[in-house]
Amino acid sequence: MPVTGIYWINTPLTTPPQNMVPLLADHLGKRHQPIYSGKWSLEHRLFRETIPSSTTTTSASSSSPPSNSQSPQPHQQLPAGGNYMQYLSLSHYPQKLIVSTPSAIVTLDCEFELLVRLGLSALWSPRLTLRGEGVMYEVDDFKVRIANIMQGNEMWKGVLVEVEYAPCSTLAVAEGVIRGFVEGLGWPAGRFTFVGKGGGRRVEGEEWSVLDTGRQYCEVLRMGWVG
Amino acid sequence: MPPPPPPPPHLSFAQSAYHELSLYSHIPAARQPQILRVISGITGMLPETTLEHHLVYKPKRPRRPGSNTELYYLQLISIVPEEQKQEEREEKGGYDVKSQKWRMRLEDFPEYGGKPVTSRNVFGAGFGEGDALGLVDSLGFMFAPTTTTSSLSWVLLFPPSHAVPNAQYGNPYPTSGLQPLDPARSWVLKAAIRVKSHQDLESVSTGHNELKGFKELMRGICDLEVVERLALDTRVR
Chain X
518 MPVTGIYWIN TPLTTPPQNM VPLLADHLGK RHQPIYSGKW SLEHRLFRET IPSSTTTTSA
578 SSSSPPSNSQ SPQPHQQLPA GGNYMQYLSL SHYPQKLIVS TPSAIVTLDC EFELLVRLGL
638 SALWSPRLTL RGEGVMYEVD DFKVRIANIM QGNEMWKGVL VEVEYAPCST LAVAEGVIRG
698 FVEGLGWPAG RFTFVGKGGG RRVEGEEWSV LDTGRQYCEV LRMGWVG
Chain A
650 MPPPPPPPPH LSFAQSAYHE LSLYSHIPAA RQPQILRVIS GITGMLPETT LEHHLVYKPK
710 RPRRPGSNTE LYYLQLISIV PEEQKQEERE EKGGYDVKSQ KWRMRLEDFP EYGGKPVTSR
770 NVFGAGFGEG DALGLVDSLG FMFAPTTTTS SLSWVLLFPP SHAVPNAQYG NPYPTSGLQP
830 LDPARSWVLK AAIRVKSHQD LESVSTGHNE LKGFKELMRG ICDLEVVERL ALDTRVR
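Each protein sequence line maps, in turn, to chains X and A. Residue numbers for the first sequence, in my numbering: 518 to 744. Residue numbers for the second sequence, in my numbering: 650 to 886.
Among these hints, one or two may not hold up.
According to the in silico footprint, chain X covers these stretches of chain A (three or more CB under 8 Å from chain X) [claimed, not checked]:
id: 1; segment: 716-727
id: 2; segment: 767-774
id: 3; segment: 777-783
Restraint-style ranges between C-beta atoms, simulated for each label pair [claimed, not checked]:
id: 4; chain 1: X; residue 1: R548; chain 2: A; residue 2: F792; range: 50 to 56 Å
id: 5; chain 1: X; residue 1: P611; chain 2: A; residue 2: S748; range: 23 to 29 Å
id: 6; chain 1: A; residue 1: Q848; chain 2: X; residue 2: P619; range: 32 to 38 Å
id: 7; chain 1: A; residue 1: Q848; chain 2: X; residue 2: V720; range: 41 to 47 Å
id: 8; chain 1: A; residue 1: P711; chain 2: X; residue 2: R548; range: 55 to 61 Å
id: 9; chain 1: X; residue 1: C627; chain 2: A; residue 2: R884; range: 58 to 64 Å
These are calculated hints, taken from the structure and not from any lab test. Even glycine gets a Cβ: it sits at the ideal position worked out from N, Cα and C.
Go ahead and model the full structure; you've got the sequences and the hints to work with.
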C-alpha cells in the first residue's frame with residue numbers, strides 16, 4: 518500500500534476556517550496541475566475508559582470530575598495513565614473502522630460501533646466526536662486529501678491533509694518525498710506526522726499498511742482533542 | 650487489497666448485529682443421526698460440519714457497585730478447518746492463534762418475561778488487519794480459559810497444552826485429540842431465527858411463528874424448548 522503522511526494546520530489564521538480548504542487547493546493549483554477527484558470525509562470518535570469508583574483515588578491529581586454522563590466533555594484533559602480508544606472511519610476505506618488503543622490497532626467491521634455502544638458502555642464512554650469533510654486531488658504520483666476538522670457544527674479544530682505517494686511502500690523513501698512536496702506548496706505552517714504514536718508500534722522497514730495510516734490519523738486527531 | 654469473501658450466510662459467523670430468536674433441545678448421542686436425517690428432510694439440505702474456536706474473555710475489572718450498566722463476557726470466534734493446513738502442520742508450534750481470522754461477538758442477556766422463544770440481541774464484528782487478541786486485551790478484557798459458553802452442537806475441550814507460545818488459548822489440532830465436554834457425547838440442537846431488530850415486531854412475530862412451526866414438525870422426535878434465561882446469562886457478576 519502506498520505510504521501516507523499527514524500535515525496538520527491549526528495555528529491561528531488570518532484566513533477564516535471555512536476558506537482554508539479552498540486556499541490550500543488554490544496553492545496546489547498554482548504550482549501543479551491537480552485533477553479534482555471528488556469529496557471525501559472522515560469521522561473520528563474518542564472514548565475514555567470509565568474509572569471504577571473504587572480506584573478514583575489514582576486519578577485524584579486530575580481536575581476532571583467523576584461523571585456518569587455520556588455526553589462529550591470537550592475541554593476535559595486526558596488523566597495521566599487514562600486509557601483511551603479511538604475509532605476512525607474514512608470514506609476512502611469504506612465498511613471498515615480503524616480501532617486504536619495505546620497498545621494495539623486493528624481494522625474491524627463498522628458494526629463494532631454498535632457493539633461498543635450497547636455492550637461495552639460500562640467500560641468505555643464517548644468523549645469526543647470529530648468530523649472532517651473536504652476535497653481530493655490527484656497530482657502526478659500524489660493523492661492529496663484536504664479536510665476541515667470540526668467538533669460539532671461550530672468548533673473548528675484544524676485542517677488535515679493526507680498526502681499519499683503511490684510509487685512507494687516504505688516510509689524511509691517516501692517521507693522525504695512527501696515533505697518536499699508539501700514544503701514546495703507554500704502552505705501555512707503545519708505539523709507533519711509520519712509515525713503515529715499509540716496503536717502499538719510500527720515495525721521499522723515493514724511495508725506500509727492501512728494500520729500505519731490509521732496510527733497517523735489517530736495521533737493527529739487525539740492531539741486535536743488534548744491540544 | 651481485495652476484501653475477503655463474505656462467510657456463508659447460514660453460519661453463526663456471518664451476520665454482525667441481529668436479534669436472535671431460538672429454541673433448544675438436548676439430543677442423546679444415539680439419536681443424533683436420526684435427528685440429522687429428519688432435519689435434512691425438512692430443509693432439503695445436507696448437514697455441514699463446522700469447527701469453531703471460541704476464546705471467551707471477561708472484563709479485567711469488576712462491575713462498579715451501583716452502576717446501571719452491565720458488564721458482559723466477550724468472545725472471539727474463528728472458523729477452524731477440519732484438517733490443518735500443510736504449512737501450519739510443518740511449522741514448529743503449528744496452529745498460530747494470532748494469525749487466525751477472528752470475529753468479536755457479544756451476546757446480550759436474553760429478554761425477560763414468558764416469551765415463547767429465547768430472545769436476545771447479538772452484536773458482532775469481524776477483524777481485518779492487526780492484532781485482534783492484543784486489541785481485546787487493551788479494551789480491558791482478559792482471556793477466561795475456564796469459562797466455556799458456546800453455540801456449538803458439541804462443546805469440545807482442548808487436550809492439556811504443551812509449552813508452546815500462546816498455549817493457553819488451545820490448539821484444535823489434531824482434531825481427534827479434542828474431548829467432548831459432555832462424556833456422554835450428547836448434542837445440543839439449537840433452532841434459531843435472526844431478525845434485524847427486536848423493534849421490528851412484524852419480523853419478530855413471523856420468527857415466533859416459524860419457530861413454532863418447526864417445533865411442531867419436530868414433535869415426537871425431540872422437544873424444542875425455551876432455555877432457562879439464567880443458563881444463557883452473559884453478564885459478569
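Tested hints:
1. With a threshold of 8 Å between beta carbons, the proposed coverage of the segment 716-727 of chain A by chain X holds, since 6 of its residues qualify and at least three are required.
2. Counting residues of the segment 767-774 of chain A whose CB falls under 8 Å from any CB of chain X gives 4; the rule of at least 3 is met.
3. Against chain X, the segment 777-783 of chain A contributes 6 residues with a C-beta closer than 8 Å to a partner C-beta. That satisfies the three-residue criterion, and the hint holds.
4. The hint said 50 to 56 Å for the Cβ distance between R548/X and F792/A, and at roughly 54 Å that hint holds.
5. Separated by about 25 Å at the C-beta atoms, P611/X and S748/A satisfy the suggested range of 23 to 29 Å.
6. Taking the beta carbon of each, Q848/A and P619/X are about 37 Å apart, inside 32 to 38 Å as hinted.
7. Evaluation of the 41 to 47 Å hint for Q848/A and V720/X yields a pass: the beta carbon distance comes to about 45 Å.
8. At about 59 Å, the CB distance of P711/A to R548/X agrees with the hint of 55 to 61 Å.
9. Look at C627/X against R884/A: about 26 Å separates their beta carbons, and that is not inside 58 to 64 Å.
Violated hint: 9 only; the structure is consistent with all others.
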